[in-house]
Amino acid sequence: MKKMLLVSVLLAILFGLQGCWYSKMTHFDEDDLKWVEWANVGDSLLFRSDSGIIDTWIISEVHVYDIHNPIVFFNVDPGVFEANAAYYMENSKDKMLSGALFICKKEKEDSLYICAYLQGRFLKKSYDYIPPVFVKFKINNKEFSDCMVFDDTNTRYSPHWPQSGINKMESFIISREYGLLWYRFEDGQEYWRINI
9 MKKMLLVSVL LAILFGLQGC WYSKMTHFDE DDLKWVEWAN VGDSLLFRSD SGIIDTWIIS
69 EVHVYDIHNP IVFFNVDPGV FEANAAYYME NSKDKMLSGA LFICKKEKED SLYICAYLQG
129 RFLKKSYDYI PPVFVKFKIN NKEFSDCMVF DDTNTRYSPH WPQSGINKME SFIISREYGL
189 LWYRFEDGQE YWRINI
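Residues in the sequence shown are numbered from 9 upward in steps of one, following the working numbering.
Quick caveat, the hints were computed from the structure, so don't treat them as lab data.
For each residue, glycine too, the CB sits at the ideal point set by N, CA and C.
Keep in mind that the hints are not guaranteed to be accurate.
To be verified - Calculated pairs, DSS-like style, for lysine-lysine (alpha carbon to alpha carbon, straight line, at most 25 Å):
id	residue 1	residue 2
1	K176	K103
2	K32	K42
3	K42	K114
4	K132	K176
5	K176	K42
6	K116	K32
7	K132	K103
8	K146	K176
9	K150	K132
10	K133	K114
11	K32	K101
12	K116	K132
13	K133	K176
14	K42	K146
15	K114	K32
16	K42	K144
17	K114	K132
18	K116	K133
19	K42	K116
To be verified - Pairwise CB distance ranges (calculated):
id	residue 1	residue 2	range
20	D37	M104	33 to 39 Å
21	D37	K176	33 to 39 Å
22	K32	I66	32 to 38 Å
23	N203	K144	28 to 34 Å
24	D37	H71	16 to 22 Å
25	D37	I174	35 to 41 Å
Start from the sequences and build out the full structure, keeping to the hints where you can.
Right, dumping it as structure tokens:
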């Protein structure tokens, strides 16, 4: 009887622990982490417009969640952990101007996906992630080959942001190793990164 009780208790414990273990985990590699490792809280990104106006964006938060411990402490999504990271930016002059970049290593494909927004311009499907598609971009004769363009092809202006009386963000470019490099408002005013 004691043996059966002991076996029953052990089985109950093992059954209970089953939900406390990740069956699938993704992790970032060195190239993935380049998207966020350059950013530190308090860093300033300086820009000059085509009309000479200086603008500053400040990194306000940086998060990297790339755990390797398979024990689940909080049972949010049982059995699956997808590595994710992000940095957030605020404009020093206008707090309505904010932005962020998120990366996620998806469990099903074990591939990196990107999500970004800047002053009301979000991916076409809210909180969706897209695979990185790199383009080359040049600033002051310096070429960056690791850039992603966010424009009308993959983003939209959110209906939840003000629709009138505001100069809407039209497009922006983010580098994997340097962050935000360039942005343009709907009035045509462009800003180019100067501290890279």
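Each hint, compared with the structure:
no., hint, verdict
1, K176 with K103, "14 Å, holds"
2, K32 with K42, "23 Å, holds"
3, K42 with K114, "17 Å, holds"
4, K132 with K176, "16 Å, holds"
5, K176 with K42, "29 Å, violated"
6, K116 with K32, "9 Å, holds"
7, K132 with K103, "23 Å, holds"
8, K146 with K176, "24 Å, holds"
9, K150 with K132, "31 Å, violated"
10, K133 with K114, "17 Å, holds"
11, K32 with K101, "44 Å, violated"
12, K116 with K132, "22 Å, holds"
13, K133 with K176, "18 Å, holds"
14, K42 with K146, "19 Å, holds"
15, K114 with K32, "11 Å, holds"
16, K42 with K144, "17 Å, holds"
17, K114 with K132, "19 Å, holds"
18, K116 with K133, "19 Å, holds"
19, K42 with K116, "22 Å, holds"
20, D37 with M104: 33 to 39 Å, "36 Å, holds"
21, D37 with K176: 33 to 39 Å, "36 Å, holds"
22, K32 with I66: 32 to 38 Å, "37 Å, holds"
23, N203 with K144: 28 to 34 Å, "20 Å, violated"
24, D37 with H71: 16 to 22 Å, "18 Å, holds"
25, D37 with I174: 35 to 41 Å, "40 Å, holds"
Hint violations for this structure: numbers 5, 9, 11 and 23, all remaining hints satisfied.
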